[in-house]
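Engineer: Sequence:
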Amino acid sequence: MAETSHGPASFWTQADALLRKNLTFQKRNIKTNIRLISFPFILCLLLVLIQSLVNHELDKPENKCGCTCIDTNGDGKCEEVCGLEYSTLDQGSWCPIPKPPEWPPLLQVPAPEYRAVTSDVIPFSDLPNESCKRTGSCPVTLLFTGNNQSLGESSAILNSSTFPDSLANIVAGSESKPQYSNFLDPAFYSDLPIYNVQSQCTQNSTFSTDVPILSFVRKQEIRCVQGLNLWRNSSSEVNNELYKGYRKGNAERKINEILAAYDFLNTNRNNFNVSIWYNSTYKNDSGNVPIGLLRVPRSVNLASNAYLQYLQGPGTKIEFEFVKEMPKHESRLRLDFSSILGTLFFTWVIIQLFPVVLTALVYEKQQNLRIMMKMHGLGDGPYWMISYAYFLTVSLIYMLCFVIFGSVVGLKFFTLNDYSIQFVFYFIYINLQISLAFLAAAMFSNVKTATVIGYICVFGTGLLGGFLFQFFVEDTSFPRGWVVAMELFPGFSLYRGLYEFAQYAFNGNYLGTDGMRWGDLSDSKNGMREVLIIMVVEWLMVLFVAYYVDQILSSGSRKSPLFFLQSFRKKKGSSFRAPSLQMQGSKVFVDMEKADVIQERERVEQLLLEPNSSHAIICDNLKKVYPGRDGNPEKYAVRGLSLALPRGECFGMLGPNGAGKTSFINMMIGLTKPTSGSAFVQGLDIQTHMDEIYTSMGVCPQHDLLWETLTGREHLLFYGRLKNLKGSSLTQVAGYAYPCSLPFATLSAWTLAVEESLKSVNLYHGGVADKQAGKYSGGMKRRLSVAISLIGDPKVVYMDEPSTGLDPASRNNLWNVVKRAKQERAIILTTHSMEEAEVLCDRLGIFVDGSLQCIGNPKELKGRYGGSYVFTMTTSSNYEQEVESLVRRLSPNANKIYHLSGTQKFELPKQEVRIADVFQAVQNAKSRFTVFAWGLADTTLEDVFIKVARGAQAFNVLS
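Numbers 1 to 959, taken from this note's numbering, label the letters of the sequence shown in order.
In short, the hints are calculated from the structure, not lab data.
There could be a bad hint or two in this list.
[As the list claims (entries may be wrong)] Each computed EDC-like pair below joins lysine to aspartate or glutamate, with the alpha-carbon atoms no more than 20 Å apart:
(1) Lys819 to Asp849
(2) Lys862 to Glu835
(3) Lys859 to Glu835
(4) Lys910 to Glu884
(5) Lys862 to Asp596
(6) Lys819 to Glu835
(7) Lys99 to Glu364
(8) Lys133 to Asp71
(9) Lys775 to Glu708
[To be verified] Ranges of calculated distance between the beta carbons of each label pair, as one might list FRET restraints:
(10) Gly315 to Gln203: 22 to 32 Å
(11) Asp807 to Gly658: 24 to 34 Å
(12) Gln203 to Cys69: 20 to 30 Å
(13) Ser125 to Val537: 54 to 64 Å
(14) Gln200 to Asn240: 24 to 34 Å
(15) Gly315 to Leu265: 23 to 33 Å
(16) Gln203 to Pro100: 34 to 44 Å
(17) His765 to Gly863: 42 to 52 Å
(18) Asn73 to Asp191: 51 to 61 Å
Just so you know, these numbers come straight off a predicted model, no measurement behind them.
All C-beta atoms, glycine included, are put in the ideal place defined by N, C-alpha and C.
Produce the entire structure from the sequences given, and follow the hints as far as they go.
Structural biologist: What follows is the structure in structure tokens.
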């Protein structure tokens with residue numbers, strides 16, 4: 001005997017069921033997963049290909065130290081020897097330099113066309129006239145200010161002096177662009193001149209000298225240029241003049257550059273205090289270090305010598321012999337394209353998970369699969385826990401493959417940065433991303449719309465990050481507070497973190513050092529720490545808000561925005577309450593209800609007064625009103641329905657399309673909330689205890705709600721587990737061992753398990769059970785939906801047109817299943833098939849325009865509304881009058897209801913007609929004229945339905 005489970009499934013049983021379903025679903029979508037993972041794999045391979053092509057170009061001779069072949073042993077065999085002495089100027093910077101050259105200290109001198117002159121922008125009259133630019137004779141200007149003008153003027157920066165012998169002793173400068181390092185100063189091997197800056201140029205101020213560069217000597221011309229010392233009254237004047245003469249890059253505008261500026265502040269004989277402005281027009285963006293710093297020392301030396309000469313006289317000065325770099329090893333030009341392009345590309349790779357998770361959630365919402373699971377007992381807690389863990393696991397596997405791919409192919413972005421930092425960063429972000437997907441899913445109801453918006457976010461975030469946000473991050477003048485504010489957008493947080501990884505990997509690869517380590521997070525220039533804090537806080541906040549919004553907006557469990565306060569209120573009991581007064585608007589609803597409908601209402605009112613009832617479903621004055629829109633009046637879908645169903649009864653709801661049958665079922669299964677009235681299922685109110693009702697409820701909706709890639713067996717296994725079926729209960733009939741030879745109809749008090757459910761709806765044989773539901777025909781899907789509604793022994797079952805689309809054989813088989821299933825349970829069934837209603841239903845209710853027009857078993861209804869026979873006769877058109885005369889003799893009150901080409905149909909009141917008289921009259925008629933066909937039929941259920949529906953609609957039109 002198989003063990004039968006009792007009661008609703010526990011939290012962990014529900015979680016286990018959903019997890020098994022998700023894993024099966026994931027296995028079915030293996031091709032989609034491969035395509036998803038292949039995107040970062042292909043991208044990493046693309047970066048490796050680009051890197052190999054770039055490395056091929058970088059390995060050219062001009063990008064590495066020069067080499068030559070020398071016969072060192074005299075044996076005629078040469079050996080390749082590399083070094084600075086064998087290199088050109090382009091190759092020299094890549095050579096090992098154990099003894100860097102000593103370069104004379106230089107100033108960054110403005111080119112002749114950029115030197116400061118009098119203009120409307122800088123209106124100082126002590127500047128030279130603009131005409132000097134045409135002759136190239138403009139001096140270079142030095143500004144100075146301080147608290148003591150006399151002291152400043154007496155300690156002039158540039159004084160006339162005799163020409164010294166050493167090049168290091170003159171005030172030299174260059175307009176050439178400096179490099180990041182000073183191993184080779186371009187001032188001494190470019191075609192641009194070197195300037196000798198003096199207060200006055202003399203005849204011997206311009207000369208030529210020999211400058212040693214690497215292994216050769218270059219003849220260098222030293223031109224004299226006048227240095228003009230000018231006093232300004234305050235540092236603000238200096239700042240203003242420097243700013244108006246500033247240029248960046250090759251800006252096309254009038255330039256007035258200053259050589260240098262000095263503020264002596266409170267300098268006196270006892271105190272030396274000076275601020276120095278220097279020209280930092282050229283800037284190394286990769287290192288973020290002003291190159292002008294390489295030429296600042298000479299400016300500091302000039303100010304120091306001026307102060308010494310002010311104190312001790314003209315003969316006192318500090319010798320500044322040379323500047324030089326520290327020794328260095330041989331270097332190679334190395335560029336890591338994963339660091340250069342990775343920030344943008346990898347942003348796309350990671351955010352690609354967002355639309356994947358979003359569409360999966362919206363798909364369940366669009367197809368009503370979420371509410372279908374909920375209606376079969378799945379609680380919110382297990383759903384959130386398993387769904388979140390499921391998407392987190394998929395995302396972690398995706399990110400793990402991504403990092404492994406990148407590391408295996410040798411991308412420095414991954415291999416140089418600490419893997420633990422990468423793991424923490426990616427883990428936090430994908431949690432934030434999943435939380436955002438849950439929140440965004442509440443705003444979409446269509447998968448296509450969600451997919452489009454999701455991928456717009458993917459590419460839009462990457463492009464905005466690469467072409468807007470990164471610009472602000474790298475601009476040191478941009479307020480850091482605004483950068484942090486922009487990082488509150490999760491996509492920019494991701495981009496900033498990847499940007500930091502890329503910068504550390506690039507510098508580490510270029511300089512031969514490590515990438516990012518935990519200690520680097522304390523660096524004020526490293527934004528990783530603030531990004532991690534922001535993402536953790538947002539993750540927790542978004543997850544909370546997403547759950548809150550889901551509780552308010554999700555179908556089937558919509559709650560008040562203040563639902564969390566209900567625990568502080570006095571709890572109401574779940575027992576029946578007093579019956580409500582049937583109201584419509586503000587007036588008492590007085591309707592011409594039939595006696596059977598009034599009797600049903602009175603029965604409901606009596607049952608509500610009883611503390612306990614054996615009735616599974618009790619509806620008391622249930623109403624659903626849809627508000628009017630676009631000037632249309634309100635739509636009454638259900639008008640005060642009162643109904644009571646005991647266990648073991650199948651109640652059929654008949655009615656034309658739009659009568660309100662589906663609206664009623666939607667209220668009972670929790671898809672919509674009633675406008676007024678109440679309903680109780682198993683003694684529980686549908687408005688307050690729907691979660692408990694779901695554990696004992698089965699639903700076959702009007703439209704099949706199935707996962708396309710799951711098989712019929714897998715659907716039933718999932719829903720069976722939700723109904724707390726375990727072990728052998730899933731594969732056998734509870735309480736019985738099912739022998740194949742035993743007729744299934746002989747079993748009673750059974751619980752449909754998976755195998756028997758499949759057999760009962762004819763989905764077991766021929767491999768149909770293990771066929772994906774998406775490949776089922778419409779009838780097969782319908783049968784599977786019926787099996788799902790009955791699995792797990794639900795006490796209340798709702799079937800909305802269950803036999804739609806079935807062939808006659810399948811329909812009869814389904815009817816047998818439903819007839820057996822109604823034992824010990826209440827079933828509400830809607831249908832348009834009168835035959836189905838007559839076969840299955842113990843009682844019927846005809847529903848028209850939202851109102852219950854009549855109720856009773858099929859025989860009662862036919863007896864109540866079918867008080868006539870239907871007589872049909874077909875003759876030639878010449879004898880139509882004879883036929884009508886015959887009918888009038890049988891029944892003077894006969895009513896012709898059909899007439900076409902000799903065929904006539906009449907309704908004959910039963911109290912006026914004897915069947916023997918009809919047969920006798922037809923026999924006599926056959927002797928007078930030819931009768932092609934005739935018939936006498938009792939009233940059918942279809943006739944009753946048409947009569948009641950027409951009568952109700954006519955009454956509604958008149959009223």
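Engineer: Does each hint fit the structure? Answer for all of them.
Structural biologist: Hint-by-hint comparison with the structure:
no. : hint                         : result
1   : Lys819 to Asp849             : violated, 29 Å
2   : Lys862 to Glu835             : holds, 13 Å
3   : Lys859 to Glu835             : holds, 13 Å
4   : Lys910 to Glu884             : holds, 18 Å
5   : Lys862 to Asp596             : holds, 14 Å
6   : Lys819 to Glu835             : holds, 14 Å
7   : Lys99 to Glu364              : violated, 71 Å
8   : Lys133 to Asp71              : violated, 56 Å
9   : Lys775 to Glu708             : holds, 8 Å
10  : Gly315 to Gln203: 22 to 32 Å : holds, 24 Å
11  : Asp807 to Gly658: 24 to 34 Å : holds, 27 Å
12  : Gln203 to Cys69: 20 to 30 Å  : violated, 50 Å
13  : Ser125 to Val537: 54 to 64 Å : holds, 59 Å
14  : Gln200 to Asn240: 24 to 34 Å : holds, 28 Å
15  : Gly315 to Leu265: 23 to 33 Å : holds, 26 Å
16  : Gln203 to Pro100: 34 to 44 Å : holds, 36 Å
17  : His765 to Gly863: 42 to 52 Å : holds, 43 Å
18  : Asn73 to Asp191: 51 to 61 Å  : violated, 42 Å
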